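Colleague: Single-letter residue listing:
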Amino acid sequence: MGKVFAIMIAAGVPLTIAGSLLHWPSVVMFVICSATVIALSSYMGRATESLAIVVGPRVGGLLNATFGNAVELIISIFALKAGLVGVVLASLTGSVLGNLLLVAGLSFFMGGLKFKRQTFSVHDARHNSALLIFAVVVGFVIPEIFSMSMTEAKTLNLSIGISIVMIAIYLAGLFFKLVTHRGVYASEGNETHHEEVPEWGKNKAILILLAATAAVAYVAESLVHTFEAVGEQFGWSELFIGVIIVAIVGNAAEHASAILMAMKNKMDIAVEIAIGSTLQVAMFVAPVLVLISLLFPTPMPLVFTIPELVSMITAVFLAISISNDGETNWFEGLTLLAAYFIMGIGFYLL
Amino acid sequence: MGKVFAIMIAAGVPLTIAGSLLHWPSVVMFVICSATVIALSSYMGRATESLAIVVGPRVGGLLNATFGNAVELIISIFALKAGLVGVVLASLTGSVLGNLLLVAGLSFFMGGLKFKRQTFSVHDARHNSALLIFAVVVGFVIPEIFSMSMTEAKTLNLSIGISIVMIAIYLAGLFFKLVTHRGVYASEGNETHHEEVPEWGKNKAILILLAATAAVAYVAESLVHTFEAVGEQFGWSELFIGVIIVAIVGNAAEHASAILMAMKNKMDIAVEIAIGSTLQVAMFVAPVLVLISLLFPTPMPLVFTIPELVSMITAVFLAISISNDGETNWFEGLTLLAAYFIMGIGFYLL
Amino acid sequence: MGKVFAIMIAAGVPLTIAGSLLHWPSVVMFVICSATVIALSSYMGRATESLAIVVGPRVGGLLNATFGNAVELIISIFALKAGLVGVVLASLTGSVLGNLLLVAGLSFFMGGLKFKRQTFSVHDARHNSALLIFAVVVGFVIPEIFSMSMTEAKTLNLSIGISIVMIAIYLAGLFFKLVTHRGVYASEGNETHHEEVPEWGKNKAILILLAATAAVAYVAESLVHTFEAVGEQFGWSELFIGVIIVAIVGNAAEHASAILMAMKNKMDIAVEIAIGSTLQVAMFVAPVLVLISLLFPTPMPLVFTIPELVSMITAVFLAISISNDGETNWFEGLTLLAAYFIMGIGFYLL
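Protein chains in written order, with this note's numbering: chain A, 1 to 350; chain B, 1 to 350; chain C, 1 to 350.
Since the hints were made in silico from the structure, they are not lab data.
Each hint should be verified, as a subset may be incorrect.
What the hints assert, rightly or not - Derived pair list, reagent style DSS-like, types lysine-lysine, alpha-carbon separation capped at 30 Å:
no., chain 1, residue 1, chain 2, residue 2
1, A, LYS3, A, LYS204
2, C, LYS154, C, LYS204
3, B, LYS264, C, LYS154
4, A, LYS177, C, LYS264
5, A, LYS177, A, LYS204
6, A, LYS116, B, LYS177
7, C, LYS154, C, LYS81
8, A, LYS202, A, LYS264
9, A, LYS264, B, LYS264
10, B, LYS114, C, LYS264
11, C, LYS116, A, LYS177
12, C, LYS114, A, LYS177
13, C, LYS177, C, LYS264
14, C, LYS177, B, LYS116
15, B, LYS264, B, LYS3
Computed from a predicted model, the values in this text were never measured in an experiment.
Please model the complete structure; the sequences and the hints are all you need to start from.
Modeller: Right under this line is the structure:
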């Protein structure tokens with residue numbers, strides 16, 4: 001399987017460059033770029049896995065979330081520069097839904113097919129639950145509801161205030177996890193991972209991770225330019241592209257890693273990737289984009305559309321109720337996937 | 001007590017037949033039919049209890065939910081045929097509220113008066129919680145919110161899609177509980193029930209269950225025809241009749257069985273009846289009715305009124321927060337009953 | 001520190017009397033009264049702590065909640081008499097948010113700075129969670145949603161009905177906690193508190209508690225009269241004053257006691273003060289005010305503004321997800337404070 005992906009990358013990256021120079025048809029480019037991103041994601045997954053063995057599950061999960069969302073942050077900044085506020089909000093929504101329902105769902109489902117019951121740290125699950133409620137149910141709902149009886153200028157001020165608070169809490173949360181309470185809530189099983197032999201050495205893994213991230217960023221940008229034409233051809237609305245297509249392709253790296261980890265029964269890492277990535281999008285990427293948007297002509301308030309917001313809220317409650325006991329199985333994964341599918345139909349028809 | 005019910009059935013069924021042929025006044029028929037349904041429900045409860053001892057608590061609970069909801073499904077199909085979409089949605093709402101708040105509330109309360117603390121499987125409670133969130137908070141909320149910016153045709157398509165997904169997840173859930181994870185999460189105490197001696201043998205219990213179900217279905221239909229006239233006489237709105245009256249009479253079987261089980265401290269069965277029946281209504285009866293409605297001139301989208309939807313959501317959150325720890329007492333039952341009463345006042349005044 | 005507060009009271013109470021007779025400027029009075037209330041609160045906190053050692057944590061927490069909210073009840077009745085229904089609803093909202101986010105947040109944060117992990121009874125936490133859902137998510141949401149399609153007269157009838165049910169459940173809850181299930185769910189650690197020596201004897205503590213309450217009530221009333229002028233001077237809206245300022249000053253007593261308890265690692269009492277006080281406001285103070293308002297020309301329905309209601313709901317879900325595991329740390333406290341701050345910005349800008 002590794003060889004197939006190597007060939008896909010070796011062919012896909014040059015083809016992407018050639019195609020974008022020679023203006024190949026959008027649908028062709030869409031297929032090439034998607035395949036290349038997925039292949040690159042698999043390498044990122046393997047590199048992250050190697051690193052995770054060296055540095056431990058929490059820092060490993062953090063690394064993964066960071067590399068997965070770096071791509072998204074870069075693309076969103078280009079979109080904000082072009083004034084595409086609605087598309088950015090839609091792709092943030094898609095990231096939250098994609099990580100919480102699709103990535104977690106596939107991990108739990110695929111892992112559950114191999115193992116009857118899979119467990120992960122209950123303390124981490126509850127820590128993450130509280131932050132999901134904080135970020136989505138408080139941080140996204142308050143500006144939405146209050147903006148209904150506010151001027152645009154005040155809505156933007158509220159968005160800026162909330163964004164600063166969220167970034168502060170996100171950083172405080174890292175400080176909590178990695179400094180003041182490092183290892184306090186560690187589940188016993190985690191330490192045994194260290195005895196495994198990583199596929200790649202630390203330096204090689206970092207190098208591959210950086211190279212693959214750069215390549216993903218380049219290919220992803222070409223991919224984004226195909227969306228409009230592909231959307232027209234297949235009858236997809238802008239919202240559907242933002243929420244579903246961008247999210248699936250943009251989170252391919254998380255998908256690959258999380259499922260790999262789940263199938264190796266390393267649920268602490270799989271959950272950290274899925275939920276941790278959601279939290280990073282909601283508490284760091286989204287507020288940072290609000291602040292960066294102030295540099296551009298069209299500022300972005302933290303105000304989603306009602307279907308976007310409601311989808312995120314219901315996804316949070318479902319994910320929490322499923323993950324709160326620190327245990328998963330195939331059926332819980334399927335339920336998350338079904339919720340993603342239901343919302344997908346909704347955004348498709350909208 | 002058993003003799004009183006036997007007499008009520010022996011008198012009630014012929015009286016119902018006579019009354020409907022001779023067109024007795026609605027209020028008289030309402031009283032006769034209600035009493036007969038309740039008496040029949042008691043027999044269904046005893047038959048189910050006998051069967052539950054033979055086949056175990058989970059299948060027993062499933063049996064009970066099925067026989068309770070079969071009646072409802074049949075009545076609803078007649079209503080759909082008559083184009084009464086609003087009444088069907090109202091009675092689905094009433095079933096969810098009735099099972100989640102009234103049946104569970106009465107069971108916890110009555111059981112709690114006899115026993116200080118009653119426990120049931122925490123794993124089942126969490127499994128059910130996740131499905132309640134999936135069915136009501138995702139499955140019912142998404143079409144409601146998305147339909148606000150959709151054409152009627154698209155709303156119906158969304159409803160059909162969601163219905164198919166829900167039925168699939170409901171069946172997958174049965175497969176999970178009864179096949180792949182049968183007994184995996186079983187609480188230790190359950191097995192001891194098998195030593196009890198059932199009141200009726202397996203065949204006799206099945207016969208009584210089938211006969212009583214048929215009789216309930218017949219009497220319930222006569223009962224339904226009295227609602228309009230009785231409503232006018234007592235000043236009840238159609239919504240109140242659908243949500244409250246239909247739910248109380250229609251779920252009398254569940255009431256009887258669940259309370260019986262709770263008073264015998266068999267909380268696993270009581271909870272399975274109350275919550276399991278809710279799940280069956282939300283994830284199976286409602287979506288099946290959406291699909292069946294396509295055969296009739298007036299199709300039924302999965303779009304409740306806002307008061308109906310909000311009542312169901314808040315009921316789900318209350319029931320989950322009360323049942324999540326696998327323990328109940330009289331006060332938790334009373335709280336559920338109070339929530340039912342509050343919503344009852346609301347629907348009465350609406 | 002005790003001496004500083006003694007001097008502040010000795011100076012503050014006469015200054016308040018002098019100032020209100022001589023009509024000193026509002027800002028001066030605002031500073032004097034606020035400082036005096038805070039100093040008095042510290043004495044109330046110490047008196048309550050002494051009593052709590054004598055009577056045990058649950059009754060102690062109840063005492064504290066009662067004395068904290070007695071002040072609020074008295075002020076609200078004066079406001080209702082003046083027809084200020086909006087201000088009363090805003091200050092009820094502020095009490096709920098203040099107790100749930102600010103008092104609990106400061107307790108968890110300050111306590112967490114001293115102790116790595118603090119624990120409290122999981123059973124109490126879940127009992128309280130269910131009641132918070134009942135009071136806020138059912139009791140406050142239902143009249144809001146149903147009133148949208150109701151006449152004013154029916155909305156008031158619904159409010160009256162819900163208020164009576166809520167008071168009944170509140171009293172039943174006390175009966176449950178103090179009579180039928182007293183000690184059933186007690187955490188083991190609680191009993192050791194009895195070995196501590198209280199600062200003041202029982203009678204002295206009661207005397208100080210009563211005197212301080214009376215003084216707080218007097219000073220608080222003077223304080224309330226300064227709000228309008230201070231609001232104008234600082235550009236604060238009436239809603240912001242009601243929700244934020246009244247809540248901070250009005251709950252100073254709870255703040256002082258809860259933080260004191262948290263820093264002594266008596267989390268059962270700290271949580272009982274914060275959450276118990278919220279429950280008392282939502283389930284007792286609010287419905288009692290609805291019933292009392294019927295005596296005045298302008299009756300008060302239980303219908304908050306949408307931002308008020310949404311803030312309370314999100315606060316409840318955040319507080320529950322943080323407190324449900326019976327464990328706290330500084331980061332959880334900080335998250336609650338951040339949510340309070342976010343809502344504060346919202347109400348300030350509204």
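Colleague: Now tell me if each hint is right for this structure.
Modeller: Each hint tested on the structure:
no. : hint                : in the structure
1   : A:LYS3 / A:LYS204   : holds, 18 Å
2   : C:LYS154 / C:LYS204 : violated, 49 Å
3   : B:LYS264 / C:LYS154 : violated, 42 Å
4   : A:LYS177 / C:LYS264 : holds, 24 Å
5   : A:LYS177 / A:LYS204 : holds, 27 Å
6   : A:LYS116 / B:LYS177 : holds, 12 Å
7   : C:LYS154 / C:LYS81  : holds, 22 Å
8   : A:LYS202 / A:LYS264 : holds, 20 Å
9   : A:LYS264 / B:LYS264 : violated, 45 Å
10  : B:LYS114 / C:LYS264 : violated, 40 Å
11  : C:LYS116 / A:LYS177 : holds, 12 Å
12  : C:LYS114 / A:LYS177 : holds, 17 Å
13  : C:LYS177 / C:LYS264 : holds, 24 Å
14  : C:LYS177 / B:LYS116 : holds, 12 Å
15  : B:LYS264 / B:LYS3   : holds, 20 Å
Of the numbered hints listed earlier, those contradicted by the structure are 2, 3, 9 and 10.
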